[in-house]
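Trainee: Each chain, written out:
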Amino acid sequence: YFIPLNLLLCTQPLPVPTIPTERQFYEENKPFTCLDGSSTIPFDRVNDDYCDCRDGSDEPGTAACPNGSFHCTNAGFRPTFIPSSRINDGICDCCDTTDEYNSGATCQNTCREMGRKERESLQIMAEITKEGFLLKQQLIHEAKRGQEDKQGKLTELQGSKKGLEEKVEALRTVKETAEDPEKEAKERHLKAWEEQKELIRMEKDKTRMAEAFLELDDDADGYVSVAELQSHLELDPDSDGSLSETETQGLLGGADKVDTSTFETVWSGIKDKYLQSLICDPECISICRNLEKEIGFDFGPSAEFAYLYSQCYELSTSEYIYRLCPFNRVSQKPKFGGSETNLGLWGQWAGPEDNLYSVMKYDHGQGCWQGPNRSTTVKLTCGKETVVTSTSEPSRCEYLMEFTTPAVCQEPASLDEVLHGHTEL
Amino acid sequence: MAAFIVRMGPLLVLWLAVFLSGTWAVDRGNFKTCDQSAFCKRQRALKPGQSPYRALLETLELTNTKLTLQLINDNNKVRLLLELYRLQGNMTRVKINELKPLKPRFEVPDVLINDPPTEPLSLLSQDENGVVLSLGADSQWLIVSAKPFRLDIMEGREVLLSLNSRGLLAFEHLRIRKDTQVDPEGAEKKEETDAANEPAEGETAKEDGMWEETFKSHTDNKPNGPSSISLDFSLPGVEHVYGIPEHADSLKLKTTDGGDPYRLFNLDVFQYELFNPMALYGAIPVMLSHSAQRTMGIFWLNAAETWVDISSNTAGKTVFGQMLDYVQGSSETPQTDVRWISESGIIDVFIMLGPTPTDVFSQYSSLTGTQAFPPLSALAYHQCRWNYNDQEDVAAVDQGFDEHDIPYDFIWLDIEHTDGKRYFTWDPHKFPQPKDMLQGLVDKRRKMVTIVDPHIKVDSSYKIHNEIRSKGFYVKNKDGGDYEGWCWPGNSGYPDFTNPEMRAWWASMFAYDQYEGSMENMYTWNDMNEPSVFNGPEVTMHKDALHGNWENRDLHNLYGLYVQMATAEGLIERSGGVERPFVLTRAFFAGSQRYGAVWTGDNTAEWEHLKISIPMCLSLGLVGVSFCGADVGGFFKSPSTELLVRWYQTGAYQPFFRAHAHLDTPRREPWLFGPENTALIREAVRQRYALLPYWYQLFYHAHHSGQPVMRPLWVEYPQDTATFSMDDQFLLGRDLLVHPVTEEGGRGVTAYLPGKGEVWFDVHTFQKHNGAQNLYIPVTISSIPVFQRGGSIIPRKARVRRSSSCMEHDPYTLFVALSPKRFAQGELYIDDGHTFNFDKQKQFIHRRLSFANKALSSRNLAPGSQFITPSWIEKIVILGASKPSKATLKTPDGKENLLEFEFDASMSVLTLRKPGVNAGVDWTVVLQ
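Residue numbers (UniProt numbering), protein chains in the order written: chain H, 1 to 425; chain E, 1 to 928.
Quick caveat, the hints were computed from the structure, so don't treat them as lab data.
Any given hint might turn out to be false.
What the hints assert, rightly or not - Facing chain E, a subset of chain H residues (Cβ under 10 Å, in silico):
id, residue
1, Ala-63
2, Pro-66
3, Asp-89
4, Glu-314
5, Ser-318
6, Glu-393
A quick note: this is a predicted structure, and the numbers were derived from the prediction, not measured.
All C-beta atoms in this analysis are idealised placements derived from N, C-alpha and C, irrespective of residue type, glycine included.
All chains should be built: construct the whole structure from the sequences, respecting the hints.
Mentor: What follows is the structure, encoded as structure tokens:
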């Protein structure tokens, strides 16, 4: 009343290994030596649905070996290996249906169709890559020019800064020449030098202070007043761009104006900012800083990502508008009211070693309740357009964004080559 | 799942801020201590001593089925009615109710599978002090003492168990509230004449919380006044008691002197703490006692809030002190005293007299039924997370398992899959095509579970809500309106699952045409069914809420059972009664085993939580619930990679094997931790799949005879006192001993291999070890110490595929572990794996495999059954064998075939090559 399936199995025409390089090992009617050499068995034990070889090599066509693999020829598509546990498991894995020869599963041979589809998508990809790569060249060109511009400007600013620095240095030299005798004293009396040095330092500081006083005392009335000081924005203690009366008074130790001797007591509080301002004015500082920052970014091997700088790209979902500002931040704003949430600030390139510029990482976003700070991983793929194509939150507060840009398009092999590389098609 | 998120309304956020106080542990202040629970405090204030209760022997009536007898409280003259039953299978039932209660008191329905069949009691002797009854066989007697009232069950001269021996029987009779009467002075006058041990009413009553009780901001109105009950049990000779889950505590129950009693009250406890008697999600009021002489059980059938005190006269003593007692011969007998206190209902106790653990399991399952026999796939691996976000996410995870060649059977969807937490619906953006998604899983021969919780969003555009409301199926508040509380959807109603009409309607909602987007491969998860009410007292329902005529107070612990019952019934009905259901529940009660699986709720990704999963599931197994598991990896927080790997290794050998994670934790699918860890997890899961035939067979037995699947060692070695407190290792059935590595950085474990004269075989190396020893096993990160008992035969399927369904027709490998006497026995159970045909049409194969006299044979254990399997015997591995000269396979057709074999002399392992015989037929292999 039962059919011993194993008997059925033995009479089945089992697939012979189809990989040309291995076929030679399965020579009919000759003892078979396991591919790892561990043992030799009669040929009728090859594909007899019992695992004899430790490496699984005696059962290339059955599910008997836990570590075996099965070769699908997939004529019309791409050949592939599947774990032998997928042979006759009722699920069609090989597009040529060869893995399901005894499970009752009805599989359709879809290799041709899959081949066609793949060819089509490869073709589309190749076109995108080609156009994208052209765009990339343009981007590289533009980036190079832009960078030269910026570098030029920076150099210019830095040049004028240098001029000022030289002026200061010259003044300093004059002073120091006057101090030469002390220098000699130092050589003569090494032990006394430290004390001397402190004296000299104080002396120099006094000189600078005197100079500063003269400079700040616009009306040369012998007093530095609140009004006079207020024009020196560089001294703003909270750097908010304005110097209020109170702030100024604070700088002057609460007084409305100070004479030279009182100035001595407040000097230490304004010294650093004042001296720095001699080198560059505040506007110049901020431009310099921004330029330096921008030039300091890693915009890719040929600065092809530079065009993304100070741009923002949005994607609207059912609930939120996501905003990616490359090299700056990622954010999320509810569509129907509510405040924006910071999903991360620019961190670094985070692709694998061989493709570093394929992934951007933004972190230190807004903290999550009982959780980490929000962060976003941006995956870059080649495309003609620069666009955010999807967002998701695979783990709570860890966002994933897909972003296409020509900047990651690789130099295409010619279409012929692409198709040629897949001869099985 | 569960826990709290801030994506909810601002009201809830505000409430959460207060509730959670931003800490990472249970806020004990949210849950009552005995002192804060008025009835527990009142009852616990009674001290042992003179019981006011006296048996009125002149009222004794003895019929064929029972003995009845009135008891009187000499202090207040209130009479109680005692009913005593001798039940078939060596059990005694003791029922005590008020003789004439003001109104009926609640008696728990739907838990017993039938009216337990009785046996006649016979009166042996009677005088003015009491009566002696025969309990039938085994020279067992029941002695009823009259003054004070007391029951003793004796076997020969030995007292097995006594009731009210400490005089803690206390029955708060129903009464009319006196301080609300028109004439308060008159009432007070009456007070004075009232009985002495009765707490005074009026002002003091308020203090005692008899008519009203306030906890935090919640006031519990008690229109029925005090109604609590209590009874004590003494167990001479007993030092070990177990059971009364659910608690995050050791297997052996601790004494509760000086602390709180163990509490049984189904609660959603946020981030529960370990090693304390606080109540958790489920309650099974069954306690087992065990000594080397006898195992017994006490089943306290009451569904109200219950507290259990345990004390022991040996608990405080050191080992030295006990030895001294022994040497001096001055020792009193060890004894454990237990006291049960419940808020309402009646006393209805089943005393299961064993005497063996197996007997107690049979006795208990004859009362409340056995474990539901799950579909085979439910015993495989489950992949869960709060939440798989959308259909693409589900597809990607499914694909990930195939890419990494890790088997799984079920992927789960938590609350976020619904349309705004409206159960039975799908989020239209994230899951627009649920059937396509389910079909994708069907194509891989895999399945899905979606969550359906019992809180229903109050929303007039929600069909389920409208129907429940219009049918009047919601639980009512004390004023008769629909009870509403906060849960995931915001304001929610709670269907009254105690109503059979409601349950029938609920079940009908699982029909394929009702639950849109559902398919045959979609099953159900009932969470939050304590029920959880975020803004309710102790995060649950108000006790004065009404289920028909009964208060939630009376039946609180039953709610979760009913939810799972109705859901399981729905899954059966949708298939026309053909398919076995699979329903996971968080809340449970005695009898819940009949409806599916339970898990230990919202645990934490910490090593201690991994360890506690063993005693928690062992405790459940002892009281009927075999299908138990803990969230692999831990629900809250993120596990270290090592902890995750160890949890997979442990979970692979526990009955319900599901990984789960909180919404706020980083993803932790098995392949996210580098190839080495992926390989370790893959190996653990593969070991589970290879062993599925054995798991399935164990569940068949759990279903058939109520024997637990996962067992403490003492169940099989009841005389080996070394095993009585062990809960870091366990047995699966009788034949596999598992000692998982649960220590961080573990370099070795010491496993206790029981059984003098027995041997155990390491299932990975086949190394043989002697029984009755502590064996140190060095371990690496890949080690899962598992041993097969010498004398057993375990079937496995060595061809692990991507789901258990894919392995259905695969051949078997038999692992025969020989005893020192070269004997072994095992079984093989096969059926279709998912229908009731095994039961209704006896379509199964159940075979006895035995090895004796150098011959291994397979014989039919169930001659009335029939089932055809294409599976065959692929390989036979005999451990502890000697080398034969030849091996012959004999089949019923008279054919004899010589089998090839390999013999590993270093390990004494004989491997018989490809017997090839069908798994469903008689055969014998003879070694010569």
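Trainee: Now tell me, hint by hint, if it's right for this structure.
Mentor: Structure-based check of all given hints:
A cut of 10 Å between beta carbons decides the hint on Ala-63/H: the least distance to chain E is about 5 Å, and the hint holds. Against a cut-off of 10 Å between C-beta atoms, the interface hint on Pro-66/H holds, since the closest Cβ of chain E lies about 6 Å away. Interface restraint check: Asp-89/H against chain E, minimum CB-CB distance 4 Å, threshold 10 Å, status holds. The restraint placing Glu-314/H at the interface with chain E is violated, with a minimum CB-CB distance near 18 Å, outside the 10 Å limit.
The closest approach between the C-beta of Ser-318/H and any C-beta of chain E is roughly 5 Å, which is under the 10 Å cut-off, so the hint is satisfied. Among the interface hints, the one on Glu-393/H holds; its C-beta lies about 7 Å from the nearest C-beta in chain E, closer than the 10 Å criterion.
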